[in-house]
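Chemist: The primary structure of each chain is shown beneath.
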Amino acid sequence: MERTYEYLERLKKYIISYDKPAQIMEVCGTHTFQFFATGIRDMLPPHIKLLSGPGCPVCVTPTSYIDRVIKMLEKYPDIIITTFGDMLKVPGTNRKSLVHMKSEGKDIRVVYAPEDAVKIAEEEKRPVVFLSVGFETTIAPIAAALDLAEQASIDKFYLLLSHKLIIPALKALLSDPEAEIDGFILPGHVSAIIGKRPYEPVLRKYGKPGVITGFEGHHLIIGTATLLKLIKEGKSEVINAYPEVVRDKGNRQALSLINKYFIPTDEEWRGFGLIPQSGHALREEYRHRDAKRAFPVEVPESQDPPGCLCPEVVKGKKRPPECPHFGKGCTPLHPLGPCMVSSEGACAAYYKYRREDI
Amino acid sequence: MCLGMPMKIVEKLDDAHAVAEALGARRTINIMATPDVKIGEYVMVHAGMAISKVEEKEAEEALEIWSELMNIWND
Amino acid sequence: MIEDKILLGHGAGGILTHKLINEIFLPAFGGGSPLEDLDDATLINVPSSALVSTDTFTVSPLFFPGGNIGTLAIYGTVNDIAVSTGKPLYLTVGMVIEEGFPIKELKRIVESMKKAADSVGVKIVAGDTKVVEKGKGDGIYINTTGIGAYGGLGTFSEEPIKPGDKVIISGTIGDHAATILINRENLGIDANIESDCGSVVNIVKTALSVGGVKWMRDPTRGGVGTTLNELIMGKPFGALLYEETLPIKDAVRGIAGLLGIDPLYMANEGRVLMVVEKDKAEEIVNAIRKLPEAGDSTIIGEITESTPGKVKIKTQWAERFVPMLPGEQLPRIC
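Protein chains in written order, with this note's numbering: chain A, 1 to 358; chain B, 1001 to 1075; chain C, 2001 to 2334.
For reference, chain A alone in the conformation it holds in the complex (with noise of 0.2 Å):
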């Protein structure tokens, strides 16, 4: 589309010619990754700060989560570990991950979606935890995998949750007194099922806009470019700025879903600790399904590892290269924190992408 193309061409001309500095949080790990793949983040006057954001659920979930899953290992050797690829890495404390237990011989599988989890859970018969993490868009297939294993009768099938809501997580980082946050790029995808309005009244209330915004470079620009606007214009809008995936009412089937099982808890968050009503517990109904229960272990106290930034990196506070470890001791092959190896964190993506300017 020609007039597609000319108007990309002025959005990118007004993000390069406006004149205010600007401090815009990238609220999901994947914007992050795509601002640098695409190039875009380099396209931007040096006065437009981009701040990483929470939305990486493996950074976001804490150091006892690990602690907890090797503790289950060694306590119930039988059980099969199943994970989205990024937790492999994950340090716990003492620097132990899944991937060292692994190399031990325990028996953890990656897994592309939750339902093949539960193919593993009606195949092995012996009992399979899959490692609940992920902000809603992820919990929705996570919902239903659940729901498959409650149909078939799969019993063997539990969830070691460590679910992340989004609207708690923008009330944190809003009510920070120190937020030097102008506005968000909101996270496309979270948004497809959320949809708009559970935005609006937060935003609201602290004066800042946001748009929803998709992944590829054409929608970095258009979504960049309408925020610019918003701000420059004083605006606590919500806009959004990929409606061909993003529905305003969002998608009544994946919340359905999704409420059918969880209902929303205190969580605790790296870097924010304990968020009220920010994560998820199973119902009373299915807490048959919960690992914590079924399979009981004393975690001891966890620790952080010491010097790693990540809890400031996730609320946009310290940039990746200003953390002291970046690069020296911390890389994706010998992380100290869960931000230099998720496929979302931010820490990753400053690496992989080196910028000159660090």
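Bear in mind the hints are in silico, worked out from the structure with no lab data behind them.
Take these hints with a grain of salt, some might be off.
[Unchecked claim] The calculated lysine-lysine pairs, modelled on BS3-like cross-linking and capped at a C-alpha distance of 25 Å, are: (1) Lys2005/C - Lys2114/C; (2) Lys232/A - Lys13/A; (3) Lys292/A - Lys119/A; (4) Lys1057/B - Lys49/A; (5) Lys2134/C - Lys106/A; (6) Lys102/A - Lys125/A; (7) Lys1038/B - Lys249/A; (8) Lys2104/C - Lys2114/C; (9) Lys13/A - Lys2314/C; (10) Lys1012/B - Lys119/A; (11) Lys292/A - Lys12/A; (12) Lys1057/B - Lys249/A; (13) Lys232/A - Lys12/A; (14) Lys49/A - Lys2314/C; (15) Lys1057/B - Lys196/A; (16) Lys2134/C - Lys102/A; (17) Lys2115/C - Lys2130/C; (18) Lys2235/C - Lys328/A; (19) Lys2136/C - Lys106/A; (20) Lys2314/C - Lys12/A; (21) Lys71/A - Lys292/A; (22) Lys75/A - Lys102/A; (23) Lys2136/C - Lys102/A.
[Stated by the list, open to error] Partial selection, computed: residues in chain A whose CB lies under 7 Å from chain B: (24) Glu115; (25) Pro141; (26) Ala144; (27) His189; (28) Pro243; (29) Asn251; (30) Gln303.
Given the structure is predicted, the values throughout are model-derived calculations rather than measurements.
For glycine and all other residues, C-beta sits at the position ideal for the given N, C-alpha and C.
Fit chains B and C to the supplied structure of chain A, relying on the hints for placement.
Modeler: Chains B and C alone, transformed into the frame defined by chain A:
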């Protein structure tokens, strides 16, 4: 958090599953969140599930609205 | 052969070993070669300037569309010699086989190795087999060592690499990696793709005959991104790739997209990456395009004066850096 891939529905298997294709790569996906989807339509797939239908027409329409709303043409 | 599985005895040196050699290896590798004498060492004529290269192969799955561990092992070493301008002459084959390995599969592997070696005109002159206990091996590991005649396929240009030189790839990228990934365990992805596993000897010969070739590599593990970085690192020049020119098959794009990996870093097993004189680039591309295995050859970038020591890529929107990949690309999921 958000890795998604647009895929075309090529076959419906049952109420909850369909075969989807992206550039010649096929996978069985869960369609419980998009039960009305038809063969030939596109969906956004994340972690093996269609989280939404992709409606290009909506994008085109939105572009029209924005260029008025934002008045960026005249900025 | 009565046994249908490899037994520990097959590696012991006695009757079973001889059975293995006579019934599997010689029929495939023999045929008038020095191997038939079954000596401890083979006498060969080595050219005065000889290249030697060795590589050990472990791959899962062992058989995949477009090849198997055996053909990988043959072409892998052949190609390493070829991109150094060597005409591949001899190969040795060493195998470590796990007890219980199906003999039928061994036969398949060995026969396809023979076919591959013949297609390149390289002789297998020495071999060794060991058998390890069940559980101590991944089915089979193969090592090949190759000897070639330096300059046997042509010579590089005398000119050093300088800004303005062009970067060429001899075909679509990521085919091998994509094939392996979807044929490995349960990613549940189905696609029409096969490995590009094959010889680059003719591609090299043709390119060198045009002249103006300054550097060549086969971009295997780590793909084009890593291989190009290996050249550029520490040099007084940089490189710029043009994203829109990268030849990538649709199926590979689809698989890479689903798994969240970057085709720039995906392994190839039958391609040549080269840096050539600016004025010779088109002629070289046109010449190698005539070969069926290089039909998609393209100019994908150039050597630059700016950003010395670093590789950049021009996307639709801007230029960004193409880093050295820090470790394995695990399929991204969430």
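Chemist: Each hint should be assessed against the structure and marked as holding or not.
Modeler: Structure-based check of each hint:
Between lysine 2005/C and lysine 2114/C the alpha-carbon distance is near 21 Å, which keeps this suggested pair within the 25 Å criterion. Proposed proximity of lysine 232/A and lysine 13/A is supported: the alpha carbons are some 16 Å apart, at most 25 Å. Taking the CA atoms of lysine 292/A and lysine 119/A, the gap is near 21 Å; set against the 25 Å cutoff, the hint holds. Between the alpha carbons of lysine 1057/B and lysine 49/A the distance comes to roughly 33 Å, so the proposed pair goes past 25 Å and is violated.
Of the supplied pair hints, the one linking lysine 2134/C and lysine 106/A holds, its CA atoms being roughly 19 Å apart against a limit of 25 Å. For the hint linking lysine 102/A to lysine 125/A, the alpha-carbon distance of about 20 Å falls within 25 Å, and the restraint holds. With a C-alpha separation of about 21 Å, the suggested pairing of lysine 1038/B with lysine 249/A holds against the 25 Å cut-off. Annotation: proposed proximity of lysine 2104/C to lysine 2114/C holds, straight-line Cα distance about 16 Å (limit 25 Å).
For the proposed pair lysine 13/A and lysine 2314/C, the alpha carbon gap of about 18 Å is at most 25 Å, so the pair holds. Restraint check: the Cα-Cα separation between lysine 1012/B and lysine 119/A comes to about 20 Å, which is no more than 25 Å; the hinted pair holds. For the given pair, lysine 292/A sits about 50 Å from lysine 12/A by alpha-carbon distance, which is inconsistent with the 25 Å threshold. Proposed proximity of lysine 1057/B and lysine 249/A is supported: the alpha carbons are some 18 Å apart, at most 25 Å.
For the hint linking lysine 232/A to lysine 12/A, the alpha-carbon distance of about 16 Å falls within 25 Å, and the restraint holds. Restraint check for lysine 49/A and lysine 2314/C: satisfied, since their Cα atoms lie roughly 22 Å apart, inside the 25 Å limit. Under the criterion of a C-alpha separation no larger than 25 Å, the hint pairing lysine 1057/B with lysine 196/A is consistent with the structure, at around 19 Å. At roughly 20 Å between alpha-carbon atoms, lysine 2134/C and lysine 102/A fall within 25 Å of each other, so this suggested pair holds.
Pair hint lysine 2115/C plus lysine 2130/C holds up; C-alpha atoms about 23 Å apart against a cutoff of 25 Å. Distance check on the hinted pair: lysine 2235/C and lysine 328/A sit about 23 Å apart at the alpha-carbon level, within 25 Å; holds. Pair hint lysine 2136/C plus lysine 106/A holds up; C-alpha atoms about 17 Å apart against a cutoff of 25 Å. Using a Cα cut-off of 25 Å, the hinted pair lysine 2314/C and lysine 12/A holds, with the two alpha carbons roughly 16 Å apart.
As the CA atoms of lysine 71/A and lysine 292/A are separated by approximately 11 Å, the hinted pair is consistent with the 25 Å bound. For the proposed pair lysine 75/A and lysine 102/A, the alpha carbon gap of about 15 Å is at most 25 Å, so the pair holds. Between lysine 2136/C and lysine 102/A, the direct Cα distance comes to roughly 17 Å. Compliance with the 25 Å bound is thereby established for this hinted pair. Look at glutamate 115/A: its Cβ gets to within about 6 Å of chain B, closer than 7 Å, so that hint holds up.
The interface hint given for proline 141/A holds, since its Cβ lies 4 Å from the closest Cβ of chain B, which is under the 7 Å cut-off. The criterion of a C-beta within 7 Å of any C-beta in chain B is met by alanine 144/A, whose closest approach is roughly 5 Å, and the hint holds. Interface hint status for histidine 189/A: upheld, as the beta-carbon distance to the closest one in chain B is roughly 4 Å, under 7 Å. Hint status for proline 243/A: holds, given a least beta-carbon distance of 4 Å to chain B, under 7 Å.
Interface hint status for asparagine 251/A: upheld, as the beta-carbon distance to the closest one in chain B is roughly 5 Å, under 7 Å. A least Cβ separation of about 26 Å between glutamine 303/A and chain B goes past the 7 Å threshold, and the interface hint is therefore violated.
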